[in-house]
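Generate coordinates for the entire structure from the input sequences, incorporating the hints supplied.
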Amino acid sequence: MIPRIDFIYLFDVKHGNPNGDPDAGNLPRVDPETGHGLVTDVCLKRKVRNYVGLVREEQPPFEIYVKEKAVLNSQHARAYEALGIPVDEKKRKSKGEKKAEEDKQLTEWMCKNFFDVRTFGAVMTTKVNCGQVRGPVQFTLASSMDPIVSQEHAVTRCAVTTEKEAEAQSGDNRTMGRKFTIPYGLYRAHGFINPHLAAKTGFGPDDLELFWKALEQMFETDRSAARGEMAPQALICFEHADALGNAPANKLFQRVTVTRNQSTEGPARSFADYDLRIDEAELPTGITISRRL
Amino acid sequence: MTRSPIALRVWGDYACFSRPECKVERLSYDVITPSAARGILEAIYWKPQVQWIVERIHVYREPEFTNLRRNEVASKASATNAQKAMKGTLAEPLALYADEDRQQRAATILRDVEYIIEARFDLLDDRDPVAKHYNMFKRRAEKGQCFHRPYLGTREFACHFAWVEGPIPESPLTGERDLSWMLGDMAYTPLGDKQVKQADSFCSHTRRPLKVEPQFFRAIMRDGVIEVPSHLYAPAEVTP
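So the protein lines, in turn, are chains Z and B. Position one of the first sequence corresponds to residue 1 (my numbering), numbered consecutively onward. Position one of the second sequence corresponds to residue 1 (my numbering), numbered consecutively onward.
Quick caveat, the hints were computed from the structure, so don't treat them as lab data. Each residue gets a CB set at the ideal place from its N, CA and C atoms; glycine is no exception. Any given hint could turn out to be false.
Said to hold, decoys possible - Here are a few chain Z residues that face chain B, going by a calculated C-beta distance under 10 Å:
| id | residue |
| --- | --- |
| 1 | D21 |
| 2 | D23 |
| 3 | C43 |
| 4 | E58 |
| 5 | I64 |
| 6 | Q105 |
| 7 | T125 |
| 8 | G131 |
| 9 | L235 |
| 10 | E239 |
| 11 | N250 |
| 12 | I289 |
Laid out in structure tokens, this is it:
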């Protein structure tokens, strides 16, 4: 049903922090050796989940299993307060093969109802292997085309959080904060969509379409003070006629090059400062390139 | 030394072959483990009749590490809650709240890796011609075909691969290096049908209970080559 697709996703950020590094006081992630910026696979997957949760309003079969409370409205949040996730293996009555069969049914049910489970997979608290779902969609780390420069901005706030602070300042009520942005960064991520795993989890054409939509629009619904302006710039898909593939992914990825535009000088500050070239000459048989964005 | 029938070059920007003793804050081994190498071969071609055996690992780059800390969730999906939700008896909507179930975990991962995996396979069904499986693997590897995208330890570190014809290129690494004890592979021992309670897993084809035990080996790298001892792969039960 779903073909094998290898894709390249380009997105950029202007005066924002695309993905903070918890190890570096929330500075934008950077490859320490090359200075190139990084955005993790899980960061992108989080945004896909949030987008789908939002546009499909958490309705089956597009529910989202791994949610962020911050993106739900407060009414929901209150109703969900009680929910813990106890690891409650002891209450299961079935054993052995019967249990394995039951686990399989559970897994299928989870795939059927939850978009993120059938797209990215999930691990259930069961001892046997059937509790593990490998999703058809696989992302790699995104890295920036050029080294990035983090800027630190000191910001002031005209209010304090506690009474004690207010007293200490004798009514002046000013605190300083720090904010990190990068002036501009163009990031490239690679992804793979696998027909065999799609068949296993029931990831169908509608899901695929929704996934592309998410990549095209997810930054629109993820605005925040930290992110600045993030936007997708290109989504290039290599579709294979054969489910196993018609060409090595590395050879296909090499066909898409992003270089600095020769007519511009100085550090890149917009997507127009780059040339995106897609080499469509002598494509291997069975490969179709499409640029969705 | 004769080379194995199958040699596959694999490479990628990052890799994480987690040491089992440091898997909360993941710390990668210096090199790919035989079990991760087997996973790559299986991602390209595998049938229940085929058991992959990794014989040698060639390392082409000096191991270099980098650090990656990510926000991860602490829990797995709850099977009990899923079961209740399935039956309609779970009061709350089924979900896992990532921001309330956080673990920040650092991973010490490898960067810029390149290996050649030398392997052979044992046929568990001797009615099958060896050439059939060999050629199927070869064809796929040459064309860049795979059942699912192979990866270097974890799925976010996808890897590329290429079939290696002829002699295996020499590694620029020289000298002898003791990499200490490494995970070799998991041994899947079939249990009797009555031993389901002791089972760690079930064979996905025969549905028979299996005992799964990790096998370790002393990894010595000589001029960039690690010999994988054959005792890691006890002959498995023939598939009926």
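Hints, one by one, checked against the model:
no., hint, in the structure
1, D21, "holds, 7 Å"
2, D23, "holds, 4 Å"
3, C43, "holds, 8 Å"
4, E58, "holds, 7 Å"
5, I64, "holds, 7 Å"
6, Q105, "holds, 8 Å"
7, T125, "holds, 4 Å"
8, G131, "holds, 6 Å"
9, L235, "violated, 18 Å"
10, E239, "violated, 14 Å"
11, N250, "holds, 4 Å"
12, I289, "violated, 16 Å"
Hint compliance for this structure: hints 9, 10 and 12 are not met, and every other hint is.
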